[in-house]
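Visitor: Protein chains in written order, with this note's numbering: chain B, 1 to 176; chain V, 1001 to 1528; chain Y, 2001 to 2100; chain L, 3001 to 3391; chain D, 4001 to 4476.
Simulated from the structure, these hints should not be mistaken for laboratory data.
Positions of the beta carbon are idealized from the N, C-alpha and C atoms, including for glycine.
Don't take every hint at face value.
[To be verified] Some chain D residues well away from chain V (every beta-carbon gap over 10 Å; in silico):
no.: 1; residue: I4028
no.: 2; residue: N4293
no.: 3; residue: T4414
[What the hints assert, rightly or not] Now the stretches of chain B that chain Y is said to cover, found in silico as 3 or more residues with beta-carbon under 8 Å:
no.: 4; region: 10–16
no.: 5; region: 35–43
no.: 6; region: 46–54
no.: 7; region: 102–112
no.: 8; region: 139–147
no.: 9; region: 155–161
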Amino acid sequence: MTAEHIFFFIFGGVSLIGAISVISFRHPIYSALALIVTFFAQAGLFVLLGAHFVAAVQVIVYAGAIMVLFLFVIMLLNLGTLSLKGALSGKLKGVAILLGILLAIEGIYIAVTTLNNPNTAVASSEVAADTSYSIEEIGELLFKDYLLPFEVTSLILLAALIGVIVLVKRGNQQEN
Amino acid sequence: MLLSLVIFLPLLGVIAIALLRGMGASTVKGIALIISLLTFLISIGLYYGFDADIEGFQTTDLLRQKLNWVTDLGISYHVGIDGISLWLILLTTFLTPICVIAAWNSIEKGLSGFMMSLLALETGMLGVFCSLDLFLFFVFWESMLIPMYFLIGIWGGERRIYATIKFVLYTMAGSALMLVGILALYFQNDNSFDFVALTQSGPFEHSHLLFLAFFIAFAIKVPLFPFHTWLPDAHVEAPTVGSVILAGVLLKMGTYGIVRFCLPLFPEAAANATSWIIPLAVIGIIYGALVAMVQPDLKKLVAYSSVSHLGFVVLGLFSQSHAGIQGSVLQMINHGLSTGALFLLVGMIYERRHSRMIVDFGGLAKRMPVFATFFLIVTLSSIGLPGLNGFVGEFMILLGSFVKGAFSKWYVVFATTGVILAAVYMLWMFQRVMFGKLDSTNESLRDLNPREIVLLLPILVLIVWIGVYPSSFLNPMKMSVNEVVRKVDTTQNTPAVGQLKFNENSIESGQIIESENIFMTNEEAQIK
Amino acid sequence: MLSIEYYLILSALLFTIGVIGVLIRRNAIIIFMCIELMLNAANLAFVAISRSLGQVEGQLFVFFVMAVAAAEVAIGLAIIVSVFKHRETINVDEINSLKG
Amino acid sequence: MNLLIDIVIPIVKILIIAHMLIIGVMVMIWSERRVSGWIQDRLGPNRVGPQGLLQPIADGIKFLFKEDLIPNHVDKPLYVLAPAMLLVPAMITVAVVPFGSSIQLFGETIILQIADINIGVLYILAITSLGVYGVVIGAWASNNKYSLLGGLRSSAQMISYELTLGLSIIGVLMLSESLSLRQIAITQGEGVWNCFIHLPAFLAFTTAMYAETNRLPFDLAEAEQELVAGYHTEYSSMKFAMFFMAEYMNMIVGSAVTVTLFLGGWHFFGLENMGGPLWSGLISFAIFFVKTAIFLFVFIWVRWTLPRFRYDQLMNFGWKFLLPVALTSIVVTGTLWIIADGSLLWIGIGNVIAAFIVISIVAGIFMVDNSKKTTVDNTVEVSLPGLDAIE
Amino acid sequence: MPTINWSLLMPELVIVSTLFIVLIFDMIDSLSKKVLGWITIVGAAIALWVSINMLLVGEVGTEFSGMFEIDGYSLFFNIIFLISTILVTLISLSYLGTDHKKQGPYYILILLATLGMMLMAAGNELIIVFLGLELMSLSLYVLAGYFRESPASSEAGMKYLLLGAFASAFFLYGIALIYGAVGTTSIPDIATKLNENSLSPLLLSGMFLLIVGFGFKVAIVPFHQWAPDVYEGAPTTIAAFISAGPKAAGFAAFMRIFLDALPDLEPQWNGIIILLAMITMTGGNIIAIAQTNIKRMLAYSSIAHAGYILIGLAAASNDGKASAMFYLLIYCVMNIAAFGAVILAKNADGESLLISDYAGLGFRKPLLGLFLTLMLLSLAGFPPTAGFVGKFYIFKSAVQAGYVWLVIIGAINTAISAFYYLRVVVKMYMNEPEEELEFNPYPSTLVLGLVVASIGVLLIGILPALLVSPIQNAVM
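Based on the provided sequences and hints, a complete structural model is requested.
Guide: Shown next, in the form of structure tokens:
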């Protein structure tokens, strides 16, 4: 039991509990908070994996921006607590959970077989021991090899910006 | 060149009508008539350019054209005719002007659309008969559906939508299979859709399945029992002109397809299939006749008689004999003429009385003597009275299949009862409509007007001509039929190039011609 | 380093929970959160795999995915707000005027 | 020895810093009241202890012994959780702030910083962005119209200004070529303070920092006149005290970060290098302390000088002025870095000129826009259909 | 500094420039907003011209460290997307009206979506495909909910968004798994690293998730549920757009990934694709029969068409690819035109969306009747329209690959589809209208769009060689 194990189980456990809470809390606010917890735990996992940059971005973007938006909208719409009956779709529930369990079993099976399968890249690669990448390296790659995706991302954000303005900006019609 | 002109001239008419339809109904009618007559006249030119001694397709530039179309996919624009298609083309170009005249006053709504559909349909039909490229054939085969769909669907009777949808779905379901067949042939033909090349290759892999794919498509069109259920609906609901074209030409596409594709391309499969096709054909003959007998509706009666008549054609086609096939081709024309005329006559009376029920009539002969005369002649032709066209075709079919058919002679015997039944239902119908007490509501019916007489006269002339002197029709198709027979005759498995075979053929055709002569003399004797 | 399968299993479980959530929850916002959860599961897989391969690319993917997720959330919430204005509900079962 | 370096020293550092923070908060509470008294030409608290120095302790005792009310209509778990959610981020931010160079003790070099992580700036941004949750959750859990409005305002405001906060330090990062706060401070010590190179960015950052800490003139989340007390209307006793402490802690940490990023950190023109290995560390710490204190004084000064913004003004200001300025700073710094071959002078001048141009253009467009409008939109941009349902 | 061969990126650059020109012009209040639409059209037309030129010249190459591949394939898809964009913009000009203030963002989003599609077609790296997909989808979510004052439009936007984002997550997870299995996300590298022995559950499930993701995006049964709702609720022009360009883009990426990156897995995916093709065609066509709303009918028809195109993918050959490309192009044109005709059928009360509203339309509005009939016939696959040639080509490639049964099912489906397409024609020409309706005059731009589309459909129907040869060159 190394420290990594311990931390993995702590963070992993928290993220799992958080995730389950997201789908089981009745009130959206609680779900949102549970999701924030999950994201935090994931940031911890990223740190364990040596991805400090990603961990920080995870907190800034997900916890700091995305979830605030969620909270903002939930509060804005002031969604009252929905009864569990209305919150869950009756006809789908059983099927969904069954499907989910199957999916989970499959996922675990895949993950477990991964290492035993020498054809899989992750299994056959020589695991680089403790490489943690500095932001300089990430930045260089980002602006050289991955310039195109980076630019596309900016366009995606432009699309989002314009879209949101169109969708919620008030009153162009009323003014006319 | 000439052939393409014939095919696309009606399409030119469509465009002309589309552009000039603002100028009034008479202009539209005029254009349609002129174009269709012109097409007919030019198509007569095909007859004069036709060389009856050539085996296979005509080779002169006038009657054969090949252009690259989609080179990458092995598709070409290739049209040509032989003795079989020649007559079907002429039949088409002959019937179209008649249809134009028949529709002269009966179409009130959307006249220009009607004429456009009619002319477009003509192009489609001519294209089907001329195509020597499978893709082209399929294009025409499918595109013909749309105008026909409009003809029935827009200008038809009460249940026209049901009928037209049924018609289209049946046909498309069939053509779906044919499409697969065509594609499969394409890959066995050096990635080419060319039909002439196809006739020289083969035998093909999976020929039984391919045969089936083609045959079902054509059987639906014929329609062979049990694929016939669309036919009565379509006929009953179609306007007069639609019925004429449907009976006169469209049904022939099925039989044409069989004789053009199924038989020569897959002779062995065809021979094997004979065992179940012949029973179906015979069932069709008898079933059609029996059902026709109990129909209270004139149009339905004629429609079911078509099922019966086309059963004969199929019987003849699969008899593998020269006489049978030749008879079948001739019978296609006969059926086109006489059933077309019957539908025209039924349409005429419907226009006057707005009923097609036999019980509504009776004693019409007194009020409408000219009509009754025409009706009688056409009825007799349909029954197959010696001296009229029906007899020649049916006799040759029965003779050919009895003498040479590779199936039990009992089938032929049963089929012959169809002729008798035809006489029963047709004459009974004639009697009920024309004789007996004249209903008071029918007192005011007018006799035929000059336009209608002009309309029927050419058909009558042909009916008698074929009946009296069929050789003028049989001779041009002789070599083409020979070729089909040579391919079909499974007793000779080797390709037909050798001297010996030629001899056999000549002997065989000699026999046939002989029998023809016998039969002609008989007929002449009878007439005398 | 911890064996990669731990991370993959965790990621698969998170993804599954997200899928179940999308299917069983009827509140549009919660559904949307579940979708975010699924994206995050993918992110975890990316980072774990890139770590195990000794590559840095996986981290970049995560970076892009996050940007995309942010854009998606912004638009998604805007649309949800505009639906709410019309219907006074965001229960996807009640939002059913489009049916043939 | 390892034990000492790895565990004991960090723990000691954490304890010292945490206590300094708490003491700092007390001092801030006292000085805020004294300074405001001074600014308004009155006395301020002066009864408890000399010069009222013990006033914060008295306040604390009062908070502790006050009855801990939890109103019936609130959402209990979140209501209880919210103050902590605000306080914790405020406290942990300080972990990456370098408050001095380093001292030699027991033969070990001890850096005056809890953790020098290589993504320090990102860490700060990350944690700062979490501060909003305490406000929002507290506001929502209170189940009170005023609180909710306060929370909504707060969340929108914080998200808006966070952008400026983040973008305005990109120029700094570009020149320091590092995300470590310590490295940034050292770079400034070797060269020029960043506030001179990135003057517009510095001003934008400071302004955004004010907004992030919900201080006047940006305290719309708790604007008494409009919202009673905004998000903490329903809070009292120790929970209220935690909100209160968090606000001051945010101020202190914010000032410390600003000092590190823009005002040279613990550097003061070579003064920090005087003395031996031990003394230079302590001097640097003192320099840092003084700088932070001065900055904090400005915080208080601004509060009692400027009036509060209206909400739409706040938003317009953030999006239409600060954000362009921050963006311009990035573009200009980057461009001049290449064109002027890294000349800091040119970058500094260019930044100011560019910011000036941008502001003029924006102001021009903005004024034209405003003159056309007949009515002024002074509510939240989106309407609140669900608001009626609160009662 | 990496050097970039800008000439390779010309079409994309033109679109980006147009985008920014529209963005700037939108800020000028005094400007008639119709100009923005025309700018969009001109920009797209220039990009189209550039793409065609590049295709004819045969300019190929990769850019951005191999992530962006310009080849005949991507250029041809560019042509499809740009034609869709131009047609949709043409029919939008009048649809949006003159007083609508939201025109600028509309065109910008259309251009952004187009750009996303182009990235999907040219992306040589899974992550680029994903980003292109998201750029396209995000723009489309907004466009679907664009008329926010209409509840239907908002709802359509929300449904599209939720299911679209759900699908994106599957897609992304699929990429992650493939990345784990192969160790790279570059399409050519995947192909080289894969061989028959590299099967692993990780890879297979990644592939499967990709199929699910694409299935949602291109609306394949059983992932199609969003399509009818979105088509019905979204603005009609946008429904046309969604049914055309994005579907083509989805297939572009689908085919590139499965045929270029995972050809070694063909035995594994082929069966799934064939099955999907069958149920998609059949399901789409059969449900379409029951529809009373023409937009929903067109939605199901577009689902069915996705099934036909899958046949081309299942054929897994150059010919199959070429036939799918051919089909996609003509499908886009005819589908947009069909939606355009639906817009044209707008009467004084608003849009006629029920099929029964079309009664008697053919005689009273002959031009409209002609357009709609032509497009429906083409969709049904009757000669001499382009739809016929397209289906023929696809079936041919499938027969070549030995999938005769698939073709038979496809051909029977064609017959089924004729039923509901013709039903509209039936209504238009064979029924009398229940009530007299007032009609607006034809907007000239809309008619222009329809005329262009009709000429295209007929021309390609009669002279398919015009298109077949370039496509065959493009996929070689």
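Visitor: So, for every hint listed, does it hold in this structure?
Guide: Hint check results:
In this structure I4028 of chain D is separated from chain V by more than 10 Å, as the shortest Cβ-Cβ distance comes to about 45 Å. Its beta-carbon lying about 20 Å from the closest one in chain V, N4293 of chain D satisfies the requirement of being farther than 10 Å from that chain. Non-interface call for T4414 of chain D relative to chain V: violated, since the shortest CB-CB distance, roughly 6 Å, does not exceed 10 Å. Check on the region 10–16 of chain B: 3 of its residues sit with their Cβ under 8 Å from a Cβ of chain Y, so the three-residue criterion for coverage holds.
By the rule of at least three residues with a Cβ nearer than 8 Å to a Cβ of chain Y, the coverage given for the region 35–43 of chain B holds, with 4 such residues. Restraint check on the region 46–54 of chain B versus chain Y: 7 residues with Cβ-Cβ distances below 8 Å, three needed, restraint holds. Coverage of the region 102–112 of chain B by chain Y holds [criterion: at least 3 residues with CB-CB distance below 8 Å; count 8]. With a cut-off of 8 Å between beta carbons, the region 139–147 of chain B has 3 residues touching chain Y; three or more are needed, and the interface restraint holds.
Counting residues of the region 155–161 of chain B whose beta carbon lies closer than 8 Å to any beta carbon of chain Y gives 5, which reaches the threshold of three, so the coverage claim holds.
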